[in-house]
Amino acid sequence: MTTRSKFRLSLRRFALLGGIAIAAIVAGPSGAHKDPVTPEQLKAYEAVFMEQVRKGDLLFHGDQAMAEQLGVAEDLSKTGMACAMCHPMASDTHPQSFPKFQAQMAKFATLRDMINWCIEKPNQGVKIDPESEAMKALEAYITWSNTGSVLQPGKF
Amino acid sequence: MSDELDRIRREMHSVLQPEGVRPDDTLKITRRTFIHGSLIFGAATVGQTFAWWPLLNTLDIAHAAEAPFKFAWISDTHLYPRSLNTRFVDKVVRAAQEVQAMDPPADFLIFGGDLAQLGKIEELELGVDLLKDITVPKHYIPGEHDWYLDMGKKWGELFGQPNWTFDHKGVRFIGLDTVSRAPDYWTAKNMTPEERMGHMATLDGTVAGPWAGVGRDQLDWMEKTLADWDKDRPVIIFSHNPLYEYYPPWNFWVRDWRQVHEVLRPYTKVTNIHGHVHQVLYNEIGTLRSIGMLATSWPWPYAPEGVPKLTKPMIRVDPGDPFDGVGWSKIDVAATDEVNTEYVMWGRKEVFVQSAADYDKHVSEVIRPRIADNMWPY
Numbered sequence: 001m002t003t004r005s006k007f008r009l010s011l012r013r014f015a016l017l018g019g020i021a022i023a024a025i026v027a028g029p030s031g032a033h034k035d036p037v038t039p040e041q042l043k044a045y046e047a048v049f050m051e052q053v054r055k056g057d058l059l060f061h062g063d064q065a066m067a068e069q070l071g072v073a074e075d076l077s078k079t080g081m082a083c084a085m086c087h088p089m090a091s092d093t094h095p096q097s098f099p100k101f102q103a104q105m106a107k108f109a110t111l112r113d114m115i116n117w118c119i120e121k122p123n124q125g126v127k128i129d130p131e132s133e134a135m136k137a138l139e140a141y142i143t144w145s146n147t148g149s150v151l152q153p154g155k156f
Numbered sequence: 001m002s003d004e005l006d007r008i009r010r011e012m013h014s015v016l017q018p019e020g021v022r023p024d025d026t027l028k029i030t031r032r033t034f035i036h037g038s039l040i041f042g043a044a045t046v047g048q049t050f051a052w053w054p055l056l057n058t059l060d061i062a063h064a065a066e067a068p069f070k071f072a073w074i075s076d077t078h079l080y081p082r083s084l085n086t087r088f089v090d091k092v093v094r095a096a097q098e099v100q101a102m103d104p105p106a107d108f109l110i111f112g113g114d115l116a117q118l119g120k121i122e123e124l125e126l127g128v129d130l131l132k133d134i135t136v137p138k139h140y141i142p143g144e145h146d147w148y149l150d151m152g153k154k155w156g157e158l159f160g161q162p163n164w165t166f167d168h169k170g171v172r173f174i175g176l177d178t179v180s181r182a183p184d185y186w187t188a189k190n191m192t193p194e195e196r197m198g199h200m201a202t203l204d205g206t207v208a209g210p211w212a213g214v215g216r217d218q219l220d221w222m223e224k225t226l227a228d229w230d231k232d233r234p235v236i237i238f239s240h241n242p243l244y245e246y247y248p249p250w251n252f253w254v255r256d257w258r259q260v261h262e263v264l265r266p267y268t269k270v271t272n273i274h275g276h277v278h279q280v281l282y283n284e285i286g287t288l289r290s291i292g293m294l295a296t297s298w299p300w301p302y303a304p305e306g307v308p309k310l311t312k313p314m315i316r317v318d319p320g321d322p323f324d325g326v327g328w329s330k331i332d333v334a335a336t337d338e339v340n341t342e343y344v345m346w347g348r349k350e351v352f353v354q355s356a357a358d359y360d361k362h363v364s365e366v367i368r369p370r371i372a373d374n375m376w377p378y
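Quick note, the sequences are listed as chains A and B, same order.
Residues in the first sequence are numbered from 1 upward in steps of one, following the numbering used here.
Residues in the second sequence are numbered from 1 upward in steps of one, following the numbering used here.
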């Protein structure tokens, strides 16, 4: 294949992609790859989220049954301390300020890093898997509790 | 806040805090300072933009001291069995040693409640054991953590009547029981004693409702106790909970605080010293001043709203230091009739309420009430 024909081919590809993009814009969201979200779907999404918030609330307040259900009963605390003992209603957790430099860890940290730090230090427990359902539930509860707070990533 | 609630609060405020009414002038806080280089630096650089208040409230009480004396306060030790948590035990040991080492010695110790974490016999007995090396007289008032496993049975065996009064060198002291009169929310729900205790032990819990209260019978007792006391002479009241409405969504406050103020209103020099809040707190309502004390166990953050405007919040705590933001207090009644309430906070060499380094680092937050409690199968 000559250089000229390669150039023509790439032009054709460009035209094809451009055409698809224009068609997508003209057709609008309903014509794209996903359908409009119905009120029923929204309700279902919210139910899934609030179920995680509820689980996280119980974990956060030291509920043993929920910790066992999520497989972290042995890890979250070995001192009898629960997250809510220092953070009623998840106050002073400041999820809206992460990621940020966290002085106690001397590193740039995410909220999940901070949750695990609290599990390890004040609670003298064992770090949990950052991808675990328990971590996601804690993250959901902390974030939901601070709904309405101003997003200030990097803030001390 | 609803319009109705706002209206009620305004009405209460006008009754309890009429214009110009404050604790007696001799009781005002004086801004005493520790001599320290950083203080001078702070004053020079930031001036009036924020105050460098040391954690020392100087309270002048006229006629207070027939002779100078000191007393000490320890509270909110929240002891677990030693096998589970030695961190809280270590801090009680340290506080006890420091109280015992006071020179001149304290005339007495007030224990301000929440000796135990879950009200267990071994937790309460551990507390007695840890404080036994303090040889000055000890007076105890209960916290909810001490009470709601067995409804105060063990507490009564160990410490007797939860409310009491005595006079000491010209001051009338009253210990109040603000914890034992919670509305019965457990019987109808068939809760076990452990479940009941668990709900009482949750500051942001919603199941127990506004449980703290003084009760009509105890208000009558307080009125009788004060009846023969000169209205211009000092009264110091100890309570576990603050005697005002401090952030109702958390179980800080005493639900019949208005009635408490009605009883105390004729007395011009009343100081309330309370625990439960685990933080530096100062408030004035009418002629009553309230001072919140540190815990030895852990510090609580300030409520997102409703912190009394006269409070100078303590510095944000370093969660990596278990001794930061916690400690005990000494109260020094001087021959000049001054009463100094000094916070002994262990985690810092110089204990200021605000610092140049982090005073503007606060991250504002909006906190939502919990929902999980309401979804429990009760």
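Among the hints, a few may not be true.
Stated by the list, open to error - If the Cβ cut is set under 8 Å, some of the chain A residues that face chain B in the computed set are:
id, residue
1, Glu46
2, Thr143
3, Asn146
As the list claims (entries may be wrong) - Okay, derived cross-link-like pairs now, SDA-like style, lysine to any residue, Cα gap no bigger than 20 Å in a straight line:
id, chain 1, residue 1, chain 2, residue 2
4, A, Lys78, B, Thr187
5, A, Lys121, B, Lys120
6, B, Lys120, A, Phe49
To be verified - Residues of chain A placed beyond 10 Å of chain B at every Cβ, according to the derived structure:
id, residue
7, Glu40
8, Gln41
9, Val48
10, Gln69
11, Met81
12, Met89
13, Ala90
14, Lys127
15, Gly148
No wet-lab data here; the hints were simulated from the structure.
Glycine included, C-beta positions come from ideal geometry on N, C-alpha and C.
So, going through the hints one by one against the coordinates:
1. Glu46: violated (13 Å)
2. Thr143: violated (11 Å)
3. Asn146: Holds - the Cβ of Asn146 (chain A) comes within 8 Å of chain B, reaching about 6 Å at its closest.
4. A:Lys78 with B:Thr187: Violated: Lys78 (chain A) and Thr187 (chain B) sit about 32 Å apart, past 20 Å.
5. A:Lys121 with B:Lys120: violated (26 Å)
6. B:Lys120 with A:Phe49: violated (37 Å)
7. Glu40: Answer for Glu40 (chain A): holds, closest chain B Cβ roughly 22 Å.
8. Gln41: Its Cβ never comes within 10 Å of chain B, the nearest being 22 Å, so this holds.
9. Val48: Its Cβ never comes within 10 Å of chain B, the nearest being 15 Å, so this holds.
10. Gln69: holds (14 Å)
11. Met81: Since the minimum Cβ distance to chain B is about 7 Å, Met81 (chain A) lies within 10 Å and the statement is violated.
12. Met89: It is violated; Met89 (chain A) is separated from chain B by about 4 Å at its closest Cβ, not greater than 10 Å.
13. Ala90: Ala90 (chain A) not clear of chain B: closest Cβ-Cβ about 7 Å, inside 10 Å.
14. Lys127: holds (16 Å)
15. Gly148: Given a closest Cβ separation of 4 Å, the condition is violated.
Consistency note: the structure conflicts with the earlier hints numbered 1, 2, 4, 5, 6, 11, 12, 13 and 15.
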